[in-house]
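K.L.:
The lines below spell out each chain.
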Amino acid sequence: MEPLQRLRSLPIVRQVRDHDLLGLGRAAQSEGSAALEPRTKTADAVYHSVCPYCAVGCAQLVYVKDGEVTQIEGDPASPLNRGRLCPKGSASRQLVTSPLRQYRVKYRRPYGTEWEELALDTAMDMIADRVIATRRETWQDEIDTQDGRVRVNRTLGIGSLGGATLDNEENYLIKKLFTALGVVSVENQARL
Amino acid sequence: MMRRPLPVVERPDAWPASYGDEARPRLGFFTDTTLCIGCKACEVACKEWNDVPADGYVWTGNSYDNTGGLSANTWRHVAFIEQDRPLHVAPSKARLREAEMRDGAAGPDAAPLRDRPSGGAPRGDGYPPPDAPRGDGGEGMRWLMSSDVCKHCTDAACLDVCPTGALFRTEFGTVVVQQDVCNGCGYCVVACPFGVIGRREIAGSKGVGMAQKCTLCYDRTKDGLEPACAKACPTESIQFGKLDELRERASRRLEQVVARGFDGARLYGANPDDGVGGFGAFFLLLDEPEVYGLPPDPVATTRDLPSIYGWMALAAGTLGALVGLSFLGGRR
Amino acid sequence: MTHFDSIGRDRRSRGSNPAPDSYYGHPIVKEPVWELGIPIYFFFGGLAGASAALALGARLTGNARLARNATFAGMVGVVASPPLLIRDLGKPARFAAMLRVIKVTSPMNVGTWLLNATGGGLSVAAGCELLGILPRLRDLATTGSGLFGLPFATYTAALVADTAIPAWHEARRELPFVFIGGAASAAGGAAAIITPPSDAGAARRFAIAGALVELAAGFVMEHRLGLLGEPYSQGRAGRLTRLSRVTAGAGAAVMALAGRRRIGATAAGSLLLAGALLERLAVFEAGRQSARDPRYVVDAQRRRVAAGTSRGASTFAGLPDERETLPAAS
Amino acid sequence: MGSNMAENHPVAYQWVMEARERGAQVIHVDPRFTRTSATATKWVQIRAGTDIAFLGGIVNYILENGREFREYVVEYTNAPAIITDEYRDTEDLGGFFSGWDEASRSYGNETWRYDGADPSPMHGHREMGAPTDQATGFGGHSAGAPCCDPPHMDPTLEDPRCVFQILKRHFSRYTPERVAEICGCSPDDLRFVARALCDNSGRERTASFVYSVGWTQHTVGVQYIRTAAIIQLLLGNIGRPGGGIMALRGHASIQGSTDIPTLFDILPGYLPMPAAQARHDLRTYIESQTAPGGIWGTVDAYIVSLLKAYWGDRATAENDFCFDYLPRISGDHSAYQATLGMMDGSVKGYFLLGENPAVGSAHSRLHRLALAHLDWLVVRDLVEIESATFWRDAPEIETGELRTGDIPTEVFFMPAASHVEKAGSFTNTQRLLQWRDQAVEPKGDARSELWFMYHLGRIIREKLANSTDPRDRGLLELAWEYPLTGATEEPDGEAVLREINGRQADGTLLSASAQLKADGSTTCGCWIYCGCYADGVNRTARRKPHWEQGLEGREWGWAWPQNRRILYNRASADPQGKPWSERKKLMWWDEASQRWVGDDEIDFAPDHGPDYRPPDGARALAAIDGRRPFIAHPDGRAWIFAPRGVVDGPLPTHFEPEESPFANLLYPQRANPPRQRFFRPANPYNPSGDSPGADAYPFVMTTYRLTEHHTAGGMSRFVPHLSELQPEMFCEVSPELAALRALEHGGWATIVTSRSAIEARVLVTERIRPLDVQGKTVHQVGLPYHWGRNGIVTGDSANDVVPLALDPNVHIEEVKAASCDIRPGRRPRGPALRRLVESYPRITRDGDVTQAPQEHAPGTRSEGR
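Residue numbers (my numbering), protein chains in the order written: chain A, 1 to 192; chain B, 1 to 332; chain C, 1 to 330; chain D, 1 to 865.
The shape of chain A in the complex, shown without the other chains (with noise of 0.2 Å):
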């Protein structure tokens, strides 16, 4: 900036030149101020989500920047929530980037007393391994009833927990994959 720029730019001059005296107005305005832009607006893109959390559906946007999460808003557009957002639902950017996220896997074996690092690949072939040793040691081919022997072709010796946060997609592979497994007890928070 040419240095007679700069001094008509500073406040006390501009007090003079804006006809703000009293430097309560536009005289005071920073050089950030006068610059300032949205994060919303200044965001690489946008997408369209819902709130993971009650099952009202509120739509959500999400807008990012360099790869990062900057806010989450609601949607005006859905005819369900109208852009309103509850305190929950507002704090969503906070629940994806909340500085107690685990983004590694971690591993405790039996009786021990300590997490331990384990690479991603290797606990799923851990997982898959756990899987098929139960599932053969508690596998029921057939049971007794009141209808004499029955064929169940299941194990009762696994479990699963959990889905009512999850994808519907996500549910159906869940139900999928468990069921082929023969296993039974499927559930979830519907439940409880």
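Simulated from the structure, these hints should not be mistaken for laboratory data.
One or more hints might be untrue.
In silico lysine to aspartate or glutamate, EDC-like type, Cα no more than 16 Å apart, as pairs [unchecked claim]: (1) D:LYS578 with D:GLU75; (2) A:LYS41 with B:ASP223; (3) D:LYS168 with D:ASP154; (4) A:LYS65 with D:GLU441; (5) A:LYS41 with B:ASP219; (6) D:LYS585 with D:ASP599; (7) D:LYS584 with D:ASP607; (8) D:LYS776 with D:ASP695; (9) B:LYS222 with A:GLU37; (10) D:LYS578 with D:ASP154; (11) D:LYS443 with A:GLU68; (12) D:LYS463 with A:GLU68; (13) D:LYS463 with A:ASP121; (14) D:LYS585 with D:ASP574; (15) A:LYS65 with D:GLU421.
As the structure is a computational prediction, the values presented were derived from the model and not from experiment.
Fit chains B, C and D to the supplied structure of chain A, relying on the hints for placement.
P.N.:
Below, chains B, C and D alone, put in the same frame as chain A:
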């Protein structure tokens, strides 16, 4: 009492002058507490948008209020007041109480209030008959909830006393602390008659050491967006818009709620002739302001600035006189 | 902020049902975030301003020694002030932002310019004195600082009066006099300590008069404020007030009785300086106490509304003529 | 009722507030004065666990005063049906219905049938949890129920054996005075609510009920909702705009996880899981599940299409479409049974997929003890929830009952992707599917459940690829190919949704479940979701702004079935097909086009007019008379009296909660006879009613959520902006109870039951008040249940003290009403905690009371007058 406006102070109606063509209609909030459900979405939405840090994890036992009040780290605050009296009374009784309150407030010979909406109360709006017990099972219980916020005063003492110009009036007539200017002197903190502003002291958080308060989401309003709290509010208890429109709406709303028998209804901060020239963010309350932790008759301290400077000048003169008098005697 | 300590005090066995006249006893206005540095600055600022005025008086009456010593005493105040001010800022590096604008509506901004003027004048005068050069510049600087010193010694009273703190704002008439009294007694006392009694008559009289003004204004203030004067006489502020008055009173008495002796002048001057400092601390503490208790805010405002001098911020619905059709209040 | 909507569904509550502002009466009946009560136009306080008595009082009021909507009741419900003379009511049997079998503690429903209906046994099993009687929302859709109208009816509703008269007798003792004595409200409160409901129902007006888990979480929970259904049917408020019974559900896709169930007893679309029985082929299943009329008339098409979706080309008519691969159920395999199985050692491996039973499940202490018996546990969550860290910080470690070094459980903590880190659909509480975009990639090891399940299946299948074991065939033949995307190889959620939607033989996507075939030519992963991807368009992702469409918002997302927004909306028109009133019109029969038209999709055969009469041999929708809107039932009538489908009685009856300080004022039988309890030392119950030791637990407790937190806290206690709003576990008590037990506001209290003792800060408030019940003053204790040991804000878990007793229909636990004691001060630490708890009486065997030493329990005096 010297409560005339300071002659040299540009009256707030002149604030747009410094912005010329860039001036925008004055924006504000109307917080209608008869619609508040106490969900605190406003508190959280505000904090999320403005990166306001959490303010400690202390359970107070003060009903469901664990944030206490407005501060550097709480720019919207929901008050919870449990009272052993009914929410509604018969509308006739509500009118009577309202009349008592008005008389009590302004004396029996008070001049008629301005801005009184014309016409009687709305009729036949389908609201339950007045004799029906309401809100409390007829047992006398109500739970007042109210979302408080910076009032964005017409005569804003914080703005006046700010020595750096960090506080300024925006093109929307709102009052904002500029984080790139504020030096944390703390003068605004004691100037605010509502105790709204604070200085952030949470180490490691954004804006630490600086004055903090509601900006009416200056960045959002610049882009034509509504403030985060008003946007989130599920029940439209927080209404955002042009101030003159909000005032009209509020006076109609007041008539309506009184007609429905909401007990103790009054507007707070809607009168441009009050001690701060009217609030940019005003309220419909159901009890005395002090019950909500609000001052009944807030006055911008700078309204007394002529008097203050006057007495100061007199004292300075006195000091000069003392000096003079001291030299009247001998050198020893 | 949360206030667990309000539990029980306001609700007793009624649990969440708060006391009717306040919100769980929470303060309405905020306590100052300022720490001790600020009242101490008030003291040094007063010392500087009044000393500059005293120096000007001495210069005009040809008392070069007193003028010189008062200038140096003022310099102590000038040197002490900026660190105290800066230390209390949330963003100390931004002290210069004070000079970004000229704001007559901000006593703090005005005061900063006054500090610059007074301090600048005193510094030039003191420099000339020390180096023994440029007497005309010295005199010009002394004149300037002496004149600016008068409002500079007083503006801190305006600064605290121009707040929402009840004990300060409502004391806006008397506080400037308390402050100039303290400033005069401090400046006079300081000059009397460092100036031989033979040249310090004016300083002693200045000090005594200042102390008397300080005491008198203090009493008037407390009396006139009534309920709002309470904070000045209660608690920590009350103890400071009483201590400051005893100290200042004693200082004035010793100054009057024994000020012509160096030792007496030193003792008296010290007492007066202490008294002036304590008075600032007392005022500061009283403000904090009055901010803490919502009663002081609410009662004064309610009385105002009840007396009809103000309408308050509430407006009600309804038409006056409808009242005639209503049954009498039971 | 049973819902604290303003606090737990605040954004949906905007519509209630808007209705209030437009003149609607909003009535809140609840044990506490909540934020909902504060904004309602009327609050009635009742004792927790007495809603059926209150609702029964409303039924009684309607019938005694002739306020029913007569034409609706006669034409649209089974009120005129004559019931067999073998039927005996609770009136006759002291709180039991006919058909009770004491040995199995269950009912047989043969005597509940329509007079003249075939008494032949219904297929399937009668033990608890057996599939055919599951109340799945379409409960009782199986064979045995009659097609068309009941055999014998009395349209005058005068026959003493008709449903209407049975109903009248059944609820005759629910007088306002008696109800008030049970609930603790005033008789006038009941009359006020009943009158308000009646005044706002009929041709011109409608009223609706809103409930949540305040109704379901009881040992007689299904019957709570049944009672509301009876009221709404009597008043003609079902299938009409502004009417209905709204279930407000608590999780983002809890509805979806019921529709596409992660539940043991059903397959997608509420098809029952096959039961273990001698004949276990597909044909038997279809025969037992197919109803003679209505939407359950084509079960064959639904199940075959599902099997085709599961096993693809491997599923053929020759191999019964792989039906044999489905595992069979043989009773209750619900989550609580799994927990008990862990305790017994029969359940060895467990997956927790976004759920935290160590805090969130009833008697959470039992769950922690159970987890410590597992061989292995997989926990998938966003944060380290208590269920993932029980082995090192469970409260039982502090008491010495568990030692970290003794716990054999291998724990895998797998970080989960959040809702913005994966694409998929949620189904909300109004059956609306909404698609979510993926906004960002999950960080580190965080992955979606879609990823986890797909790759787990892939790895297991790879490991077993060479297996010849017949038991692995179902797994190896599973259709498990999904397109993968991105660096993490995330399965494409839309591909899964397309599989759910279903396809024709040529691969084109189906547009309606009516297209489904039983011959194996169609696939469909969930028949009720068929159409969500019609024409290749992901309809769940439709987002037409509400200002560009009607109030129903039908172009926002997609509601099952067939984007219908109001179920049974044929009932919005009268039997002749005309709207009941201009004001309340929704759907009507258009003579010109010979179709149903209106503002919604008709929930009926679209071209069956009011004059349609089913021809002989008609099936499915074609078997429904043009005047009968309730197409989920074979007779097209809504069932005021449920001849089947509900295991604890054809009519709702007030029973006391499992744990209650009171006897049942109405019947000698205190609690719901077939309720599920699990007697074992680790799972004790408080003595109740008149039993010895019951006076040790003189107070009624209820648990609940707060706006500021979410369920067990995994998504709120780890979030600063929510944690600060409700930072500590507290209990709500009245000033009177505080005085009685020397509880200090802001201080601490200890809540004791036979299971555990927890501490909480004391919030003394008039929002919770003592009630006069059966001549005694009873105090209620309110306990929010969000806290645990992890996170930013911590505290004891209310679920530690609640009992594990279940509704027999749906196996939901009773956490909304139980008994407790409360004492001032904090709870003991370490082993002393167990000593305190064990000093209280407990029941660990049915009918048995263990009287414990009393000296530790100062509060064992009865508070009665």
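K.L.:
Could you tell me which of the hints above the structure violates, numbers in ascending order?
P.N.:
Failing hints, ascending: 7, 10, 12.
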